[in-house]
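Visitor: Dock chain one against chain two, each of which comes alone in its own frame, and use the hints as you go.
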Amino acid sequence: MANHVKRAVIILSLISAIAFLSWALQDYKNAESMSGCDINSGQCEVFRHDIQYRFTLGPMPARSLNNMTLTAETNLPGVDRVWVDLQGADMYMGVNQFELHASKKAWEGSTQLAVCTTGTMTWLANVIFETDSEQKIVELRFDAR
Amino acid sequence: MITRTKTLLAIGMLILVMLVVGTILFKPNNSFQPVQLGGEFHGNSIDGAVSLSDFKGKLVLLYFGYTSCPDICPTSLTSMKFAFNELKSDQLAQIQPIFYSVDPDRDSLEQLQVYSHFFSPLILGMTGSRHQIDSAIQQYGAYYRMVEQPDSAMGYTVDHSSKIYLIDQQGEFLGTVSHNNPNQLVEKIRSILQ
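Chain order of the listed sequences is A and B. Here the numbering used here is used: position 101 in the first sequence is 101, and no number is missing along the way. Start counting at 1 in the second sequence, then tack on 1000, and there's your number in the numbering used here.
Honestly, the hints are just simulated from the structure, not real lab data. Careful: at least some of the hints might be erroneous.
[Unchecked claim] Derived, one-sided and incomplete: chain A residues facing chain B with beta-carbon distance under 7 angstroms:
1) I15
2) A19
3) A31
4) T56
5) Q87
6) A89
7) M93
8) V95
9) E99
10) A114
11) V115
12) T117
[Stated by the list, open to error] Chain A residues, not near chain B, derived (Cβ > 10 angstroms throughout):
13) A17
14) L57
15) E73
16) G94
Glycine included, every Cβ here is placed at the ideal spot set by N, Cα and C.
So here's chain B without its partners, still in its complex pose (with noise of 0.2 angstroms):
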């Protein structure tokens, strides 16, 4: 009769465990939380090694993209420089524009930098390795995907986000701006610096 209860109350304990161990392991979760972006990235620009805490005490503008992009970029590039044509030059002094490239076999250090000057001097190209891309892609809930152009010259298009990330002065990630609307960069940059 003892063992007999042993039993019983050795597979009501196992019963249990293996309860709480599977809840634990397959909790069903269909709810949603707002998923929190932002942190460090590392890559390089003509002049070295970057990393977004080399800018603390700056205001971030970050972009994703790549030089051989047909239009979404320049554009993205062109909203800044009007942006920045509106803003004195003591806030210039507060901001850096980083223009990130995903696509590092096209784009070298030197090409990155003429081509993002060409938009502004104040925006700095970089790119990375393959890593620190994926990484910073995905810190900041970006994407990016290479297309296969058979037909075309340039052999692949890169589908990527289009926003500009604001990071502010202590590296934290404050929220994204549209790429076409300078007007609306410009009123969230006086507001992050007043």
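Chain A extracted, bound-state conformation (with noise of 0.2 angstroms):
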């Protein structure tokens, strides 16, 4: 194979490989966790680059089958969507997502623990900020009975 043909070849290589992992890795680029909000006292904020959110839950503290109202509020431009993931911290719930719907100042919705269960247990809500290019996570910490 003549050099410049083999120079072809691993240029274009290197392109694929690149644009392959600039796709792969695009869902990975475009979402952002936040960890650590507790909202047992029924409320919380996180900062981020500059970003503020701000949460808050009630009524407190949280019991199963009883309904929950969840506010989010934030200066992070371009936000479309906002929902909710809520998962047992030390094991699986089913799956429990839920919309909250823009109201004048602040993003707003309504679910219940819908899980008869035994005892205390630590329940993580993921809310989920969504942009047209990106999502970024806070994760709300809580107990409920």
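Guide: In structure tokens form, the structure reads like this:
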């Protein structure tokens, strides 16, 4: 094989590999998770890269099978959807996802911890802020009976 | 010289292949996606084998529970009963409520019929093999877990999801309704049957 053909094959292979890796890692680049927001008191805030996320959850203390309302505020630009994925911290509790709807100042939604459980357990509410190009995920932690 | 170039080329290509394969296998992904729920499920009632597809053309209201359930299941089925009281007969003819027991060891098919009909004769009591139950539970994103109660005559209770799953006339999952809100259930049923 001539040298210039070899070079062309190597360059094409490199470009293809870089393009593939960029595509494959796209989700990873576009999703950022923030953990450790304890909302047992009914409210918590997270700051990351000059962006503020503020939450309220009530009524507290949380109880299984009771209605709960979550509000979320942020100055992240371009947010067009906010939804929540609820999971047990230590065990799988089924699929519990719900949408927050935009109101004047905040995003708001209601749900139930629709699982009849024995004893107290810790829940993780991953609040997902979506824009055209990215997800910002804030993990809220609270206990419920 | 030619051999050295070929070796370098081969090593380079090998690294590229490993990078691509590694990325496919171990692609880090911390984004969240909504989970698609629903699908066919199977089991048995006192009248024989039951599948979701048997009820094509009807709005199915599916609830997972067990008859020894101390309070949540009776609350949920009472909520259904109150909702049904608000519906017209032609609307009732278009729905199929199902009580699917996750506790087949204690819930016989006869017992399930008696229990379900106590709340409403419309409610079909059913259960299945452990495989059928687990499959249905997984498809609808539900959850259950046996909890030992050594100090109780019951022996064990069952922690479980408590939602009413709505499945449309074509068998497509529509969403869930709270287990203790008959007004919300009535509104949902009416809006779907319109």
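Visitor: Each hint should be assessed against the structure and marked as holding or not.
Guide: Each hint tested on the structure:
Evaluation of the I15/A hint against chain B yields a violated restraint, the C-beta minimum of about 11 angstroms exceeding 7 angstroms. A distance limit of 7 angstroms between C-beta atoms decides the matter here; for A19/A the minimum to chain B is near 11 angstroms, and the interface restraint is violated. For A31/A, the interface hint holds, the least distance from its beta-carbon to any beta-carbon of chain B being 4 angstroms, beneath 7 angstroms. The beta carbon of T56/A is not positioned within 7 angstroms of any beta carbon in chain B (closest approach about 21 angstroms), and the interface hint is therefore violated.
Because the beta carbon of Q87/A sits about 10 angstroms from the nearest beta carbon in chain B, more than 7 angstroms, this interface hint is broken. Given hint, A89/A at the interface with chain B, is violated; its Cβ is 14 angstroms from that chain's nearest Cβ, farther than 7 angstroms. The beta carbon of M93/A is positioned within 7 angstroms of a beta carbon in chain B (closest approach about 5 angstroms), and the interface hint is therefore held. Restraint check, V95/A versus chain B: the minimum CB separation of about 3 angstroms is within 7 angstroms; hint holds.
For E99/A, the suggested interface contact is broken, since its CB lies about 9 angstroms from the closest CB of chain B, more than 7 angstroms. Evaluation of the A114/A hint against chain B yields a held restraint, the C-beta minimum of about 5 angstroms falling below 7 angstroms. The beta carbon of V115/A comes within 5 angstroms of a beta carbon in chain B, closer than 7 angstroms, and the hint placing it at the interface holds. Among the interface hints, the one on T117/A holds; its C-beta lies about 5 angstroms from the nearest C-beta in chain B, closer than the 7 angstroms criterion.
Interface exclusion of A17/A from chain B breaks down, the closest Cβ pair being 5 angstroms apart, not more than 10 angstroms. With a cut of 10 angstroms on Cβ distances, L57/A stays outside the contact zone with chain B, its closest approach being about 18 angstroms. Here E73/A stays apart from chain B, with its beta-carbon at least about 20 angstroms from theirs, past the 10 angstroms limit. For G94/A, the requirement that its beta carbon stay farther than 10 angstroms from each beta carbon of chain B is not met, with the minimum near 3 angstroms.
Of the hints listed earlier, those the structure fails to meet are numbers 1, 2, 4, 5, 6, 9, 13 and 16, in rising order.
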